[in-house]
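Based on the provided sequences and hints, a complete structural model is requested.
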Amino acid sequence: MLEVNELAVDFTLHHSAVPALMDVSFSVGPGETVALVGESGSGKSVTSQAIMGILPANAIIRSGQILFNNPETGQRIDIAGLDPESAQMRQIRGGNISIIFQEPMTSLSPVHTIGDQVSEALFLHRDASRQEGMKLTEAMLKHVGFPDPARALRMYPFELSGGLRQRAMIAMAMITHPSLLIADEPTTALDVTIQARILKLIRELQAELGMALLLITHDLGVVSNMSDRVVVMYHGRVMEAGPLQDLFSNPQHDYLKALMHAVPRFDLEPGERLVPVREIHSETGALIKQQTADQIIDSGTPHLQVNDASKTYRLHRGSWLGTESRDLLAVDRVSLSVERGECFGLVGESGCGKTTLSKIIMRAITPDQGEIVYHDGNRAIDVRALDNSELLEFRRKMQFIFQDPYSALNPRMTVFDILREPLVVHNLGDIDYQREMATELMRLVGLDPRFLNRYPHSFSGGQRQRIGIARALALQPDLIICDEPVSALDVSIQAQVLNLLKDLQQELGLTFLFISHNLAVIHYIANRIAVMCKGRIVELAPRDLLFANPIHPYTRALLSAVPHPELSQPLDFTAITEGAASEPQLWPAPFTLDGASQTEFLELAEGHFVRVAAGCKPSDLAA
Amino acid sequence: MLAYILRRILTMIPTLLIISMLVFVIIQLPPGDYLESHIAELQSQGESVDEKKIEFLREEYGLDKPLLAQYWYWLTGMLQGDFGYSFEYDLPVTEVVGDRLFLTVIISIATILFTWAVAFPIGIYSATHQYSWGDYGLSTLGFLGLATPNFLLALVMLYFANVYFGTSIGGLMDPEYIDAPWSVDKFISILEHLWIPVIVIGTAGTAGMIRRLRANLLDELQKQYVTTGRAKGLPPGKLLAKYPLRIALNFFVADIGNLLPMVISGAEIVAVVMSLPTTGPILLAALQSQDMYLAGSFLMFLAILTVFGVLVSDLLLAMLDPRIRLGGAAAK
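Quick note, the sequences are listed as chains A and B, same order. Numbering of the first sequence is given in this note's numbering, commencing with residue 234 and proceeding in unit increments. Numbering of the second sequence is given in this note's numbering, commencing with residue 23 and proceeding in unit increments.
Straight line, CA to CA, 25 Å or less: simulated DSS-like cross-link-like pairs of lysine-lysine:
| id | chain 1 | residue 1 | chain 2 | residue 2 |
| --- | --- | --- | --- | --- |
| 1 | A | Lys735 | A | Lys630 |
| 2 | A | Lys368 | B | Lys264 |
| 3 | B | Lys74 | B | Lys87 |
| 4 | B | Lys245 | B | Lys264 |
| 5 | A | Lys490 | A | Lys735 |
| 6 | B | Lys260 | A | Lys368 |
Everything labelled a hint here was simulated from the structure, so no lab data went into it.
This is the structure we're talking about:
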């Protein structure tokens with residue numbers, strides 16, 4: 234169906250040609266799924282743009298062919314030779330080949346209705362009257378799982394959740410029944426349970442319409458569950474290609490092997506380390522001294538305690554007639570305690586309240602009720618009661634690592650200024666001390682201190698995240714809240730940063746509160762894990778216990794939705810059901826959570842708690 | 023949304039009230055009042071001053087009362103449609119302003135239409151042909167427009183219009199129509215004269231708008247949803263009109279609030295240079311001679327126009343952009 238032969242694409246930057254693709258060849262047969270795997274910058278998206286004829290203006294196809302067999306006309310066309318704006322190419326684009334993009338929010342126009350945007354390709358490529366077209370669109374929206382497709386036609390993208398937006402995107406690509414669908418990281422921005430549902434949907438539609446799928450992803454778990462054949466790309470070249478079985482059971486190329494070792498898996502041996510593609514070395518120095526375990530003051534109290542914290546947001550929704558408002562309980566009576574020196578994992582899907590909770594702990598948001606107690610070894614500090622000067626002093630004990638390494642660093646400050654800023658704010662040391670400290674911090678996160686005078690834009694995502702970590706360590710805090718620190722990073726870089734965090738925790742005796750939506754990451758780094766859903770903690774257990782014996786239906790749903798990069802553990806697509814897993818009202822008794830029911834934490838085993846209806850006994854759950 | 027519109031209109035009341043106070047204070051800031059500057063003028067011309075008459079006038083106009091009372095008198099008068107009395111012209115303010123206000127509005131609207139008609143296509147061309155010779159050429163012209171002082175342009179244009187088209191210098195119509203009743207010929211004469219002030223007043227605004235539209239559109243053209251549209255196979259023209267232009271419109275509408283006061287205040291100075299029968303020259307004279315009710319009414323008129331302009335642009339924005347109309351904000 235599609236044959237790419239020795240494709241080469243150049244980008245023109247500052248009047249010189251930079252090769253983006255070199256000698257790329259692969260083919261996709263009818264009804265087949267081919268996965269294009271690689272990290273960002275490997276050229277996989279450029280490949281898809283070349284096939285669609287939507288390369289950016291400064292890119293040109295230098296040589297090669299993209300042969301497409303149009304099943305409708307039976308013609309064989311070389312897309313590489315067509316003018317991207319010609320009528321013939323426009324007919325193929327959207328009519329015979331469609332694409333799903335990664336970011337469902339920015340890929341949809343904010344000011345046009347879903348119905349308008351989804352039906353657009355249909356009216357362009359197929360003969361359909363206005364009425365028929367809207368009917369087909371409604372049917373397609375229903376097909377991709379919109380609960381109320383007639384209403385969805387008139388809704389705008391910002392009124393939909395991320396999962397529904399991606400479904401609208403899929404409906405948009407499928408409405409013309411294309412013979413080839415290109416899915417460019419279709420689930421990267423989504424939660425695991427939604428990811429599983431979207432993958433299931435794509436598979437079903439593919440089987441039904443007999444369409445070929447070119448799946449572009451960096452997630453080996455998705456690859457192993459979706460594809461028939463795999464093409465591995467690195468730096469604009471194809472490294473390795475072949476059937477899924479062969480590649481996964483017997484990877485030949487070093488890059489693929491390295492990639493497979495870098496992915497956190499559930500079956501890692503205790504103490505086994507991930508092997509990043511490029512290892513980094515962290516060094517402590519004179520100012521930031523190594524702390525051994527016995528140097529940590531153990532006063533027998535937890536390091537951080539959250540008691541009964543709640544936060545309600547008031548949401549307003551406008552219409553021409555007025556504004557309705559409703560309350561959203563973002564954090565609902567959450568209690569937890571983090572022990573000194575441990576890594577406490579908080580896992581949950583987007584919107585479950587985990588970031589709100591972290592902000593409450595940092596005192597960036599005022600909770601409606603509840604208590605946050607920090608023990609510094611000598612005394613307990615009530616974080617909510619601190620006045621401004623005490624709060625400033627307290628900030629030195631607890632620091633934060635942010636999710637997005639791009640927006641977390643001020644682009645107008647040099648790395649030196651960024652690392653020095655916390656010291657300046659707290660009036661610590663003179664300029665010589667601050668320079669010494671910044672140098673040590675750079676070594677600590679494995680960066681060359683000579684880079685101190687550079688600006689953030691000259692660093693990669695992983696390096697920026699390390700600068701963010703270094704900044705969090707500048708005040709030598711005891712507790713660090715890491716809010717999704719690796720979710721914006723590539724797999725190989727993710728392993729690097731995770732290892733760094735692990736090492737730092739050990740060497741400096743830090744306590745981590747680690748927030749993530751990625752269960753594999755949490756599994757790799759955390760000692761104890763709390764599972765959060767809709768503002769409540771539903772299950773809390775030491776890591777091994779939680780993964781070996783998950784009790785709560787939500788935890789189980791989360792675990793079963795994770796795609797493993799192992800051929801032996803395929804996703805059970807039949808078990809994936811629509812919606813029920815993350816709706817507390819729909820959980821079976823005794824787990825049901827609605828406004829009326831009283832629930833409590835039931836201790837099943839040492840340290841393993843699960844939220845059940847009041848009065849429930851461990852024996853009731855065995856059944 | 024209905025509540026929003028109501029609230030939006032209600033908030034205009036205190037806004038205008040505060041503006042009226044500011045206007046009044048500003049008018050009163052220079053020392054003395056109209057009568058004092060009138061006496062000074064008479065004396066400098068060597069004429070005698072009738073103390074009794076001055077005393078009578080001062081009482082008549084309430085100038086001997088405290089400031090607050092004068093303000094109250096002016097404010098309540100305005101609410102009843104009485105804008106006070108012009109000392110200079112010895113006429114009620116409404117009669118002095120009358121036609122001039124109408125002509126000002128005509129010039130302003132024409133200028134805004136001119137600005138849009140010119141800025142829109144050029145802005146789109148510049149953005150879609152970024153770094154082409156056309157873009158560079160139009161940008162240079164735009165910068166020239168931004169940098170040329172209005173009054174200079176006015177003089178140059180008047181000269182050329184007179185030499186090549188035989189248009190009479192100054193004014194908005196040929197001299198024989200001034201004070202004549204409205205007729206078709208008078209209207210045509212106005213149109214003949216109108217284009218010069220419109221171009222002169224509009225140039226700077228047009229040039230600025232081209233730059234902003236270009237920058238805005240360039241931003242939008244990079245957005246992912248444009249690529250999505252391209253991937254559907256939309257032809258380039260349709261793609262441009264449906265997605266990026268539609269969103270760039272937002273800023274266009276938002277600019278109305280900005281444009282109105284700019285055009286009107288720009289018009290005042292040009293009007294003096296070109297001796298247009300609009301409000302500009304009178305306002306200047308009224309401020310100089312401390313003809314307080316006349317000046318105050320003018321300033322209030324400007325303020326009301328601005329506040330309304332912003333209201334109109336806000337309402338249009340809500341109509342255009344569903345995120346504003348339907349979206350709500352989460353309270354912290």
